[in-house]
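Sequence lines, in order, name chains A and B. Just so you know, the first sequence maps onto residues 36 to 283 in the numbering used here. Just so you know, the second sequence maps onto residues 965 to 1210 in the numbering used here.
These are calculated hints, taken from the structure and not from any lab test. Note that the structure is predicted; figures quoted are calculated from it, not measured. Honestly, I wouldn't trust all of these hints.
[Claimed, not checked] The calculated lysine to aspartate or glutamate pairs, modelled on EDC-like cross-linking and capped at a C-alpha distance of 20 Å, are:
(1) A:113 to B:1082
(2) A:80 to B:1184
(3) A:192 to B:1082
(4) A:108 to B:1079
(5) A:108 to B:1082
(6) B:989 to A:114
(7) B:989 to A:150
(8) A:80 to B:1079
(9) B:989 to A:143
(10) A:80 to B:1082
(11) B:989 to A:106
(12) B:989 to A:232
(13) B:983 to A:106
So the chains spell out like this:
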Amino acid sequence: MIEIKGLYKRFADKDILTDVNLTFEEGKTNLIIGQSGSGKTVLMKCAVGLEIPSQGEILYSGRAFTHASLEEKMAIRKEIGMVFQGGALFDSMTVEENVAFPLRMFTDMAKSELEDRVNFCLNRVNLNQAHSKYPAEISGGMKKRVAIARAIALNPKYLFFDEPNSGLDPRTSLVIDALIQEITQEYKTVTIVNTHDMNSVLEIGDHIAFIFKGNVVWTGDSNSIIKAQVPEVRDFVFATPLMKKMFK
Amino acid sequence: MSFFENFGKYCLLVFRTFKQPGRNKFFREQFFRELEALGLGSIGIIAIISLFMGAVIAIQMAANIDNPLIPRETIGYATRESVFLEFSSTVVALILAGKVGSSIASEIGTMRVTEQIDALEIMGVNSASYLILPKITASLVINPVLTLMSMFLGIFGGYLACLLTGMLDAPSYLTGLLFEFRPFNVVYSIIKSIVFAFIITSISAYRGYYVEGGSREVGENSTKAVVKASIAILFWNLILTRILLL
Ligand SMILES: Nc1ncnc2c1ncn2[C@@H]1O[C@H](COP(=O)(O)OP(=O)(O)OP(=O)(O)O)[C@@H](O)[C@H]1O
Ligand SMILES: [Mg+2]
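Hey, can you work out the whole structure from these sequences and the hints?
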């Protein structure tokens, strides 16, 4: 379980996040949605400690994270997997080496065991042909999948995805969504996904938090979001003509 | 940002680089890769520059000594002094600041703006230590070697100049070379080259590590890395010379 308590984030004089309180549970796909610039990425970066919150606390299964020492933070981070918006693959390493990196760094696996694990993770994301390619030589969707394979290599307890679908075609998008949901249910991870993709919202939203200008203005799930009465949420959900046609 | 802010941030980064919580199993592998990149990759340019500069220094000496009271052997002596005291440590360091410094700053800077450093941090890796320590240690090891090589080639360049122009015969050049030779001057140069190695790698790594923005900022910061490292080299050259020679 991840708990965010009374989180504030200020840049210079601008309040980006104000009093965010959220709880994310195991085995559920938690979505953070909201329009561009609403503060989703900042929230995620605060949660994993890449940005320091101005105020508030984050708890990982009851363990205080935000004000923990560097050593304690590093211990918790070994249980975190994160997929960045741009993939953030190590560009000097091949696909295979990228996935093997956390394994080599943090375990004493024998070579054959390591290879098995790398193959398993790459299979899991349906990537079988790109093992010895470099990130510059593969497509955007493939990069995302390698990033997911790398994030799950160490069996993390907590998984973060920043816009896993942006820049992908609808089909690949669906594949990635299904993958996120499967992994979450199979390994009972606490999964948090930033997205503004309505498809994902309807497909995999077990628990949804809607952010508007740095405030959580609505929480619910994929069924209740259609009926939400908060005007900002309605604007967001029914922004496309397709959604309007389908539900009105 | 003010000088003191920058300096404080720089010290913290260096501290974090050496503190190394957790082990880095890649260190050996990275160390040898950096040795190759920072060392072997610079041999060519340093060899060429040292040969030519040694030759030029010898010719300039010859051109300036037309007083019959000054023995011609002075050409060898003066070439040795210039090469050993200043050229092979300081000038070579300035050249390396341009070559190695900009490549380190842009490599680490690119990793910063493409979130690769964040990805390392999220995994629980000490990114400063992982990225910077192999570069610093490799250059501390290889820089003195490059400096010694440059000394040898500088002297050899002077020798070639004497032979090819006929301004001085080989035995006289050699006599000049050995005249009042103080081994400590070699030590002095080696000490300088080690300090300069640290300056070049740590300052350029710092510039890369804290880049904010995109490719433009990466470029700006690698230029800054070269400028700041060069200024630091000149400053420490003065300090070390004062401490070690006076
Ligand atoms: N390092 C920073 N310094 C100052 N302001 C920042 C910084 N990072 C983000 N912001 C501001 O915080 C706000 C929220 O940004 P954020 O990246 O969280 O949006 P987002 O919800 O993730 O948007 P998108 O869906 O487009 O990714 C923006 O107005 C942005 O300008
Ligand atoms: Mg974002």
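Checked hints:
1. For the suggested pair residue 113 (chain A) and residue 1082 (chain B), the alpha carbons sit about 13 Å apart, so the restraint of at most 20 Å is met.
2. Restraint check for residue 80 (chain A) and residue 1184 (chain B): not satisfied, since their Cα atoms lie roughly 26 Å apart, outside the 20 Å limit.
3. Proposed proximity of residue 192 (chain A) and residue 1082 (chain B) is supported: the alpha carbons are some 19 Å apart, at most 20 Å.
4. For a cut-off of 20 Å, the pair hint linking residue 108 (chain A) to residue 1079 (chain B) stands: about 19 Å separates their Cα positions.
5. A hinted pair counts as satisfied when its Cα atoms are at most 20 Å apart, and residue 108 (chain A) with residue 1082 (chain B) qualifies at roughly 14 Å.
6. With a CA separation close to 19 Å, the supplied pair residue 989 (chain B) and residue 114 (chain A) stays within the 20 Å bound.
7. Proximity of residue 989 (chain B) to residue 150 (chain A) is assessed by CA-CA distance (about 17 Å); at most 20 Å being required, the pair is judged to hold.
8. Proposed proximity of residue 80 (chain A) and residue 1079 (chain B) is supported: the alpha carbons are some 12 Å apart, at most 20 Å.
9. At most 20 Å may separate the alpha-carbon atoms for a hinted pair to count; residue 989 (chain B) and residue 143 (chain A) meet this at roughly 10 Å.
10. Among the hinted pairs, residue 80 (chain A) with residue 1082 (chain B) is consistent with the structure: their alpha-carbon atoms are about 10 Å apart, no more than 20 Å.
11. A distance of roughly 18 Å separates the Cα atoms of residue 989 (chain B) and residue 106 (chain A); the hinted pair therefore holds under the 20 Å criterion.
12. Straight-line distance between C-alpha atoms of residue 989 (chain B) and residue 232 (chain A) comes to about 40 Å, which puts the hinted pair past the 20 Å bound.
13. Only pairs whose Cα atoms come within 20 Å are accepted, and residue 983 (chain B) paired with residue 106 (chain A) is accepted, the gap being roughly 11 Å.
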